[in-house]
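Enquirer: Below, each chain spelled out in residue letters.
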Amino acid sequence: DIQMTQSPSSVSASVGDRVTITCRASQGINIWLAWFQQKPGKAPNLLIYAASSLQSGVPSRFSGSGSGTDFTLTISSLQPEDFATYYCQQANSFPLTFGGGTKVESK
Amino acid sequence: EVQVVETGGGLIQPGGSLRLSCAASGFIVSSNCMNWVRQAPGKGLEWVSLIYSGGSTYYADSVKGRFTISRDDSKNTLYLRMNSLRAADTAVYYCARGAERHSYYYMDVWGKGTTVTVSS
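First to last, the protein sequences are chains A and B. Just so we're aligned: 35 in the working numbering is position 35 of the first sequence, and the numbers increase by one with no gaps anywhere. Just so we're aligned: 77 in the working numbering is position 77 of the second sequence, and the numbers increase by one with no gaps anywhere.
Because the hints were derived from the structure by calculation, they are not lab data. Please note that the accuracy of each hint is not assured.
[Claimed, not checked] List of simulated lysine to aspartate or glutamate pairs, DMTMM-like, C-alpha gap at most 20 Å:
#, chain 1, residue 1, chain 2, residue 2
1, A, 103, A, 81
2, A, 42, B, 72
3, B, 64, A, 1
Quantities reported herein were computed from a predicted structural model and do not represent experimental measurements.
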């Protein structure tokens with residue numbers, strides 16, 4: 001199975017900050033990676049697919065990069081509605097696996 | 001509007017069985033890849049199962065042999081049959097559509113989830 005490791009597990013930030021979250025795969029997954037945002041009590045929401053493609057309707061302050069084993073999600077200017085938990089997920093092979101999550105909290 | 005709605009969760013004793021349903025609207029279940037994903041209380045996301053439009057199915061090792069994914073084309077509904085339930089299966093279960101992008105599938109439409117609690 002491919003293990004997905006996210007870091008940090010939590011980050012404290014202020015509105016307007018640039019926030020970067022990393023995700024590392026235990027083996028190469030090309031670009032077959034997604035990023036999700038989840039708010040408490042809500043379902044996850046797809047932000048990025050294929051490592052860097054922005055899902056329709058997602059604000060352009062979200063961006064993704066990487067290939068192979070190392071990936072990043074960047075929020076260029078954090079907004080109040082962005083405080084949430086973020087998950088990466090590899091779509092390369094079964095079983096599909098998620099990272100452990102990164103909680104973005106208010107500083 | 002494209003959406004999915006999960007039902008069927010509840011309190012069940014260890015060893016029991018339950019069937020979850022995921023009713024879709026705005027798209028055809030049988031023409032899409034569909035997933036079940038779960039989230040234990042206070043924990044992260046865990047993929048459970050997938051069915052392709054062609055009917056091929058895949059499962060997480062933790063549920064293989066106990067859970068069965070299926071669909072009813074006439075009802076445009078996805079199911080998850082869960083047998084031999086354990087306390088570790090306690091979670092919110094989400095249904096999610098897998099949208100094809102560059103020949104891979106990404107979960108782009110999610111329901112609100114249904115809660116399964118396995119306890120005596």
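Enquirer: I'd like to know which numbered hints this structure contradicts. Please list them from smallest to largest.
Expert: Per hint list: single violation, 2.
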